[in-house]
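The primary structure of each chain is shown beneath.
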Amino acid sequence: MTTTTPRIDKPRGKRRGGVMSSTGLYIATSVAAVLFLIPFYLLIRNSLSTDQEITGSDWQFFPTDIQWSNITEPFDDPTVDFARAMWNSMVVGTLHTVGVLLVCSLAGYGLARIPYKHANKIFYAVLVTLMVPAAVTFVPSFVLVSSLGWVDTYRGLIIPGLFSGFTCFLFRQYFLGFPKELEEAARVDGLGYWGAYWRVVVPNSLNFFAAIATITFINGWNAFLWPLVIGQDPSAWTVQVALSSYMTNQTVNYHLIFMATAISILPLLFVFLFLQRWLVQGIAQTGIKG
Amino acid sequence: MSTTTKLDHAPPAAAKAPKAGPWRGLRGSRTFNFWLFTGPFLAGLLIFVYIPIGWSIYLSFFEARFTVTPEKFVGFDNFREMLSNDDFMGSLVTFTVFAAIIVPTTWALSLGLALLVNRLRFMRAFFRSVFFLPTAVSYVAASLIWKMSIFNGVRFGLANTVLGVFDVGNVAWLANPDPPWYWLVIVTARLWLQCGFYMILFLAALQNIPGELYEAAAIDGAKRGWQTFWYITLPQLRATSTAVILLLLVAAYQAFDEFFNLLERTTWGRPPLVELYYIALGEEQDYGRGSAGAVILTLLICTVTLFQGRIMGFGRGEEAK
Chain A
1 MTTTTPRIDK PRGKRRGGVM SSTGLYIATS VAAVLFLIPF YLLIRNSLST
51 DQEITGSDWQ FFPTDIQWSN ITEPFDDPTV DFARAMWNSM VVGTLHTVGV
101 LLVCSLAGYG LARIPYKHAN KIFYAVLVTL MVPAAVTFVP SFVLVSSLGW
151 VDTYRGLIIP GLFSGFTCFL FRQYFLGFPK ELEEAARVDG LGYWGAYWRV
201 VVPNSLNFFA AIATITFING WNAFLWPLVI GQDPSAWTVQ VALSSYMTNQ
251 TVNYHLIFMA TAISILPLLF VFLFLQRWLV QGIAQTGIKG
Chain B
291 MSTTTKLDHA PPAAAKAPKA GPWRGLRGSR TFNFWLFTGP FLAGLLIFVY
341 IPIGWSIYLS FFEARFTVTP EKFVGFDNFR EMLSNDDFMG SLVTFTVFAA
391 IIVPTTWALS LGLALLVNRL RFMRAFFRSV FFLPTAVSYV AASLIWKMSI
441 FNGVRFGLAN TVLGVFDVGN VAWLANPDPP WYWLVIVTAR LWLQCGFYMI
491 LFLAALQNIP GELYEAAAID GAKRGWQTFW YITLPQLRAT STAVILLLLV
541 AAYQAFDEFF NLLERTTWGR PPLVELYYIA LGEEQDYGRG SAGAVILTLL
591 ICTVTLFQGR IMGFGRGEEA K
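Which chain is which? The protein sequence lines are A and B, in order.
Counting along the first sequence from 1, when you hit position 40 you're at 40 in our numbering, and nothing is skipped either side.
Counting along the second sequence from 1, when you hit position 68 you're at 358 in our numbering, and nothing is skipped either side.
Treat the hints as calculated values from the structure; they're not laboratory data.
Note that the coordinates shown come from a computational prediction; the quantities given were computed from them, not determined experimentally.
Zero decoy hints are in this set.
Some chain B residues near chain A, calculated using beta-carbon distances under 7 Å: (1) Asn-323; (2) Pro-330; (3) Ser-346; (4) Phe-417; (5) Ala-426.
Heads up, the beta-carbon is just placed ideally off N, CA and C, and yes, glycines get one too.
Between the sequences and the hints, there should be enough to build the whole structure, so can you do that?
Spelled out as structure tokens, the structure:
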């Protein structure tokens, strides 16, 4: 894509707004940015405050003495096994991501690249599932999973979510655009479809895989409805279900709840900081093209 | 087709010699390879998507309380009951109100943010990250911050503190459906969470608009600002806007997390999925009516999607043929 033309436009026509309008632009953007950051600030502020400072009548924007000891409190809480919930989320999020990438990328490649007479019909069977949002079918899915005896297990939390028609569709679209010559070269050299896929296609698609992996991990970590339905026993709770249970507890321990929430967001903030480039790229590419 | 020149650039890893073995014959077979690649996915799709849907349709015609292998066939009774059930129909009204608010506001706010960020020259990546950051937060965590800190109805809480400065009394944001302040809580939480994502989509689309269009418009005397936005930017964003609206609608339809957590134990503000959750997995465990509700919702969303696709010309992705 050679988009050299806008450059001619930029210094003269478009950018002649002058100091005033550019200042206005930055003021508007900064105000919006502050509004977007306030919830993060409140979360950090409250998680490092005493309950008095959170609920006191003279509410201060900046707390006076910071309680660093709050950091370990969620892990010592006898009512909710927060450490267990974090571990469950780690396991579920990771395995979910690995599984989705493996299963959906293979299927996407098969549908995009391997000629087979019924491939079109099968592709339509995949597309039809996009019409039915997964969340709407949670009742029948739960019925199925419970009759398999998978309630309160990692299997029940992970496996039903692996077969995402949408992710498969995204991979198919991506592989349709993958340069054919590379694979042909590999096959001339004697690799079958399988070998060409693992040695040529995947190593050359790592950016795309990283983008899908980031989005999938975030969705897996943040999922609530399915873990709520499957995790009936507290030992199978993911961190989101644990957070939700704090809100309905009889005794409300404010600083602990906010600290637990802050800790639950941390892994994703790391993912964001390190993988934002792929994430943004991935959303721009896959969200919709055009 | 310059295959010969391209061959020179093949990565060295591909140059390994094939191993001979019993798989040799199968390796060349396209049918075998097709199923090798797609088999696991398709099997899973069959078991975990198609069978539950089918089973759900089956259950919806039976009286199925506390059991998933019912025996009493009741015909369309479950559907009739659901369609005359005030709570279920009320949840559809709740969804309609919710969608009518959240879809246009998210569309406008994310487009607005994209337009702002797109014009920035310095610190553009910084501001983009700030608006995008909430995408990492879960609906549960956001509900918690909103309910316990910002819109806490008791005496503290940011919103009531700010209102207190203007001598306005405390508002019970969530605990009272009249006036329905809970909508403000729910809508702002979702706006905060999802605007960044759609802003990225709009940013990508804005960068794809050819600069010549703006030059041509300037030559034709279009004023910068509103006129260019209305006659060039907006029409050029048509495809993205359509898709964004569709995605927003489907997302609104599936709203569960924030309603469930913010309006715990209330009888108001229940969207369809929350209602279904209580019918099928609450004390009644009524899988028959729950399934009937799921079928009705699925039919509704299919209709809406198709209808909207027709109206807004969502025919671009049809190269699949």
